[in-house]
Amino acid sequence: MAENDEPVKPQPRPIIRIGLFLMSHSLLVSLVCCTAGIIALLLLPVLAKNTYISENALIPGSASPMLSNIDVSEASRFVDKLLSIDSSSVSIDSSSVSIGIEIRRLMAEHISALGAEVNYHKFRSQLNRFHPLQFFASPDPGNIQENFSCSSYAINTVGIIRAPRGDGKEAIVLVTPYNSVKITTGEALSLGIGYSVFSLLTRVTWLAKDIIWLASDSQHGEYAAVAAWLREYHTPSFGGLGKLPSEICHEPSNLSDWKTDAVVETRISDTIRRAGTMAAALVIKVADSSSDFEKDSLSIYAEASNGQMPNLDLVNIVNYLAVHGQGLRVKVEKMQSFLNSWWLRGLGGLFESLGKLARSLNPQWSFGISIADYVEGCATLASSLYNQALGVPTGPHGAFRDYQVDALTMEISRQLSQTYGNRQNEFLMQGGRLVEGIIRSVNNLLEKFHQSFFLYLLTSSNRFVSVGVYMIAFALLVAPLPMVAASLFSDASKLNPVEDQPMAGHVEKPVIKFGSWKWLHAAKTVFIVHFWGALMILVPYFYSHIPKSSAVTSLSIWITLSVISLLLLHLNLGSSGISNSQPQRTEWAYLKSVTIAAAFIGLCLMSVINFATAEIGALLLVPMCLMAVPLRLKVRTLRTSLQIVCYLVLTFLGFPPVAFYVLKGALNGFDNISIGEFWTWMEALWEWSSATYVYICLVHLPCWVLCILTLLHPC
Amino acid sequence: MEKPAEKKKKKPSKSDSGSGSGFEFWKWAIASIIFRLILIYFPKNLNLASRPEISTPLTSLRRLAEGYWLKELSMSPYSGSMYHGSPLLLSILGPLTVKRLEGQPNHLLCSLVSVIADSISAMLIHGIGQRLQGAYCRNLRSLGLWEPFEGALPSGDLAALVYLWNPFTIVTCVGYNTSPIENLFVLLSLYGACTGLAPVAAFGWVVATHLSLYPAVLIIPIILLLAYGLDAPPRKLFLQKLSQKAGSDSSSDGHPESVEAQSTPFSLRPVLIFTFWSLLWATYILVLCGISLKMSGSLWEMFERTYGFILTVKDLSPNIGVLWYFFAEVFEFFRNFFLIVCHANILFMILPLAIRLYHRPCFLAFVYMAISSILKSYPSVGDSALYLALLALFANELAEMQFSFFLFCGYVGVSVLSPVMHNLWIWRGTGNANFYFATAMAYACFQVVLVVESVSSMLNHDRRIRKLSTSTKA
Chain W
513 MAENDEPVKP
523 QPRPIIRIGL
533 FLMSHSLLVS
543 LVCCTAGIIA
553 LLLLPVLAKN
563 TYISENALIP
573 GSASPMLSNI
583 DVSEASRFVD
593 KLLSIDSSSV
603 SIDSSSVSIG
613 IEIRRLMAEH
623 ISALGAEVNY
633 HKFRSQLNRF
643 HPLQFFASPD
653 PGNIQENFSC
663 SSYAINTVGI
673 IRAPRGDGKE
683 AIVLVTPYNS
693 VKITTGEALS
703 LGIGYSVFSL
713 LTRVTWLAKD
723 IIWLASDSQH
733 GEYAAVAAWL
743 REYHTPSFGG
753 LGKLPSEICH
763 EPSNLSDWKT
773 DAVVETRISD
783 TIRRAGTMAA
793 ALVIKVADSS
803 SDFEKDSLSI
813 YAEASNGQMP
823 NLDLVNIVNY
833 LAVHGQGLRV
843 KVEKMQSFLN
853 SWWLRGLGGL
863 FESLGKLARS
873 LNPQWSFGIS
883 IADYVEGCAT
893 LASSLYNQAL
903 GVPTGPHGAF
913 RDYQVDALTM
923 EISRQLSQTY
933 GNRQNEFLMQ
943 GGRLVEGIIR
953 SVNNLLEKFH
963 QSFFLYLLTS
973 SNRFVSVGVY
983 MIAFALLVAP
993 LPMVAASLFS
1003 DASKLNPVED
1013 QPMAGHVEKP
1023 VIKFGSWKWL
1033 HAAKTVFIVH
1043 FWGALMILVP
1053 YFYSHIPKSS
1063 AVTSLSIWIT
1073 LSVISLLLLH
1083 LNLGSSGISN
1093 SQPQRTEWAY
1103 LKSVTIAAAF
1113 IGLCLMSVIN
1123 FATAEIGALL
1133 LVPMCLMAVP
1143 LRLKVRTLRT
1153 SLQIVCYLVL
1163 TFLGFPPVAF
1173 YVLKGALNGF
1183 DNISIGEFWT
1193 WMEALWEWSS
1203 ATYVYICLVH
1213 LPCWVLCILT
1223 LLHPC
Chain Z
102 MEKPAEKKKK
112 KPSKSDSGSG
122 SGFEFWKWAI
132 ASIIFRLILI
142 YFPKNLNLAS
152 RPEISTPLTS
162 LRRLAEGYWL
172 KELSMSPYSG
182 SMYHGSPLLL
192 SILGPLTVKR
202 LEGQPNHLLC
212 SLVSVIADSI
222 SAMLIHGIGQ
232 RLQGAYCRNL
242 RSLGLWEPFE
252 GALPSGDLAA
262 LVYLWNPFTI
272 VTCVGYNTSP
282 IENLFVLLSL
292 YGACTGLAPV
302 AAFGWVVATH
312 LSLYPAVLII
322 PIILLLAYGL
332 DAPPRKLFLQ
342 KLSQKAGSDS
352 SSDGHPESVE
362 AQSTPFSLRP
372 VLIFTFWSLL
382 WATYILVLCG
392 ISLKMSGSLW
402 EMFERTYGFI
412 LTVKDLSPNI
422 GVLWYFFAEV
432 FEFFRNFFLI
442 VCHANILFMI
452 LPLAIRLYHR
462 PCFLAFVYMA
472 ISSILKSYPS
482 VGDSALYLAL
492 LALFANELAE
502 MQFSFFLFCG
512 YVGVSVLSPV
522 MHNLWIWRGT
532 GNANFYFATA
542 MAYACFQVVL
552 VVESVSSMLN
562 HDRRIRKLST
572 STKA
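Same order as they appear, the protein sequences are chains W and Z. All you need for our numbering is the position in the first sequence, starting with 1, plus 512. All you need for our numbering is the position in the second sequence, starting with 1, plus 101.
Read the hints as simulated data drawn from the structure, not as lab findings. Backbone N, C-alpha and C fix where the C-beta goes; we use that ideal spot for every residue, glycine too. Check the hints yourself; a few may be wrong.
[Stated by the list, open to error] Below, a sample of chain W positions facing chain Z; criterion: calculated Cβ distance under 7 Å:
1) Leu859
2) Phe966
3) Ala1109
[Unchecked claim] The calculated DSS-like cross-link candidates involving lysine-lysine, where the alpha carbons are at most 30 Å apart (straight line), are:
4) Z:Lys568 with W:Lys1006
5) W:Lys561 with W:Lys868
6) W:Lys960 with Z:Lys415
7) Z:Lys395 with Z:Lys200
8) W:Lys843 with W:Lys868
9) W:Lys846 with W:Lys868
With these hints in hand, go ahead and build the complete structure from the sequences.
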């Protein structure tokens, strides 16, 4: 602090020195990081680990299945009855309502005969309403006071077995969706599987959790039925409010017309019955069309809203029991177009030979996988990423995840080629034993599923990539953002204080320059653009009020609206500060730096909410943001011109619709693409309240606009 | 929500040059109040009152309503570990929590109180800022430097707008809690000290301490303010100047009297008045508390349930501070030891800072508030709102502050990440406590960096003034 050693610049702290070093080599570092990030992403199928059952209590497959031929033949008769209702009552009075009633009656009769509790759950189809921040909200009870029509009612049938060994505090849910208007063979078979297991479970002594069998009426969609039941299950209604809709629309044929004996009728209640909190839920579906494989196969769908997955242990049990117990072939959804892409094959070959090389050097290094495995892994991974990124649940199981219940959909594909009669029993036996095994295993649980992963990507049914691995790819990809922002920022602030020197050699007036606050002007621009993005999120509210129009007109309305609002906002708030004394040369650097910082924060935030969206978004956004340069830059070298060309291409690709069409075209071919498709895609996103929609409006689009602003910057 | 932070900072920066800056200020101030009034109509959708970042066990009005209900049943408001605030707030705000206006949301009255408290606070900041600015110009002039530096901002306007438009303040105001009232009393005591009104300062200090205990450390800045006057460059400079003047040209020109005024020694009288009034107000408050608790509890219970609750960190539910996690992990055996260590942390820093910054008591108050917001047992964003506004009072002095952009990004990033992490942990069940605590730690780190950088740039500013004033003499 002595006055004479002032010119000696203090040595900055080591952490700052590291930062300075990275900043000075930001171009190289960002190039290396981005490449490494993309390579790490492509390496994920190689790095995937085999799944294992983490929770010891589960012990799947330790008990031999108890489902006997008697149960199965009962269930088979049940299926036949269901199918005969369909064919018979259509011929009699051809009213679809009566089929539904007949089916319900049949189910209620059978369930009561087993000694379990039955109740009907009446609900009306609810339109998906947009709720931008549903992510932050707990599931809302939904208000019943909306206008509705009586015809939109559907009725779920619920059967509950009280566990002889349990305290009634926990439950396992079986869901079998069926369409009460027109029941298909597959749906009947899934009801049959449900029935066979249910009938077994009424007799067993080991049950420690209540079993709920929900035969959900999917005439308004499978998801809606399950979601409506869950909503009612979790929000107890006091007073008469819950009954209000059923009183208003009392269909005469509904409750009184049953030709059941009085004993059964007294046991059927119209109010919802509850068991304990749900430990797990299984949705059982039977696909009619069969694949060309010899064995029956089982597809697992696990993605719930916003890329949430059930605990990996649940997937593992299903996979384990299906493969080792029932000899089913387990499939996870794949992107078909990836399977025969030449470049993946080439990469797979490269990785395979690298793996072989490594093994020849040291036999303990065994990370190579075969080309076919690699390509399959990539296809599964891509579909897993895409489904998570969409944020739209892949089946009715998605509704459970909103209540923190682990759930998945098992779709059993059945072989049609063999002779039918005996085959049906065999099929029911197989499916029933699988479900029984899963329930028995989950029944052992002492706590909620918590041991295994919640954040993972599947590369096949028995291989997964955990959060610790896939985050590396993402972190490498976004790491250049803060670095480049910092280096641009420090360069710009170093350029500025040219007139900083005179202060030491005392001139007339010292001026407060607010040197470190120069970024505020750029921050204001960024804020305005992001604010505009936030306004654009709310547009769907207004769309729900105007009559239906075609996708193309909606899209054009949206575009004009957004452009006008952006211009208005810019003129109102942004224009006043432009006449600033600060040099224009550094201004775009500040703008770019703040843009990059905003993109970084947005991507990091999104990676926590929905990793897959963030990863795909980063692939598009990071190169675009990093390359941004003004078109009218004074210094024209080969490098800058190359950069500008790259940048123009990237900006073009970064525009969300273009990115959508290009990706879609690359995957499915360019022939069948219409302009309205993007709009319908976006509409689907906001109807499901997907966080991806919020991300596109709040992060991606504003960053794109800001990159355009940088491009057009007059410097 | 985070973005208005930028707006507020650059709006005034535009208005600095024009003559219509006063108009601009009032326009934006009123706009912010209207914005609040709009927001308090939709709190159901925002659901801010239940967020751990906004309402703590000490400040939550929902708890206050519970305490009021208990009191109405002539039970002790402190029974059941729900309420931990002052009994006076219970008497004043309690009736408002149950009173309903027809057709209006039922928390409207309490929210209106918050809005009023916020606007009064902004006016107090405005007043403090104008006085500080005046003192700043006077000091520079008396040091023989030029009029105010060119391009200086009206820091009072700026700070008031920062307070009003800070998203933290807005969510606190809308979030149905008592932080705006606590902040109001802290600012009242500072205002009283700045204007030399010892009774007002004493009142503000006593009530703020009564409400949330931590403002007790403000006694040092308040006494310094009353005794030495407003913030000024180091006193040594004035003395040097004085001796120069006396040596070179027998005090013929310049402003010797103002120099004299700045170098006044410790004046005891206002301090004594302040002590007297503090004692008076403290007794008064205690008597009032005693009266209001007469039916149902005792003063001792009040101390135990308010100050005791603060000091022993009984409620370990997650918040944006760092202590809850620590005390959830620590073994019961060491708990008392670490309680002492954690609280002593604040006390350890008081004295060194007071010695180093005693010539800038208002800035010292900012530093104390920021440090107590880091180390508080139940911090909320309302505390940040307060110290950020105090920071903006020194916009001119801190013009060359380093890492401003980094800090800004950090605050924005943490304030959007923290709710998401909380959601991931509590609602989705896919995260765990570490996710949320990581953001709490990052928040604490950013606050530390903010304090360190602002103090060092303030000291640099002093050095620069010294250099300029010594160079002018040559």
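Query raised in the report: For the pair supplied as a hint, Lys846 of chain W and Lys868 of chain W, is the alpha-carbon distance within the 30 Å limit?
Result: OK: Lys846 of chain W and Lys868 of chain W at ~27 Å, within 30 Å.
**Report entry** Distance restraint between Lys395 of chain Z and Lys200 of chain Z, which requires alpha-carbon spacing of 30 Å or less
**Finding:** holds, 24 Å
Query raised in the report: If you take the shortest Cβ to Cβ gap from Ala1109 of chain W to chain Z, is it below 7 Å?
Result: holds, 5 Å
Requested in this report: Take the C-alpha atoms of Lys960 of chain W and Lys415 of chain Z, compute the straight-line distance between them, and say whether it is at most 30 Å.
Outcome: Holds, because 28 Å separates the two Cα atoms, which is no more than 30 Å.
Query - Straight-line alpha-carbon gap Lys561 of chain W to Lys868 of chain W, limit 30 Å - result: holds, 19 Å
Query raised in the report: Is the straight-line distance between the alpha-carbon of Lys568 of chain Z and that of Lys1006 of chain W 30 Å or less?
Result: holds, 23 Å
Query raised in the report: Quick one, are Lys843 of chain W and Lys868 of chain W close enough, alpha carbons at most 30 Å?
Result: holds, 28 Å
Query raised in the report: When the nearest CB of chain Z is found for Phe966 of chain W, is that gap smaller than 7 Å?
Result: Phe966 of chain W check passes; min Cβ-Cβ to chain Z is 4 Å, inside 7 Å.
Report task. Let me know if the C-beta of Leu859 of chain W comes in closer than 7 Å to any C-beta of chain Z, holds or violated. Result -> Because about 31 Å separates Leu859 of chain W from the closest Cβ in chain Z, which is outside the 7 Å limit, the hint is violated.
Consistency note: the structure conflicts with earlier hint 1 alone.
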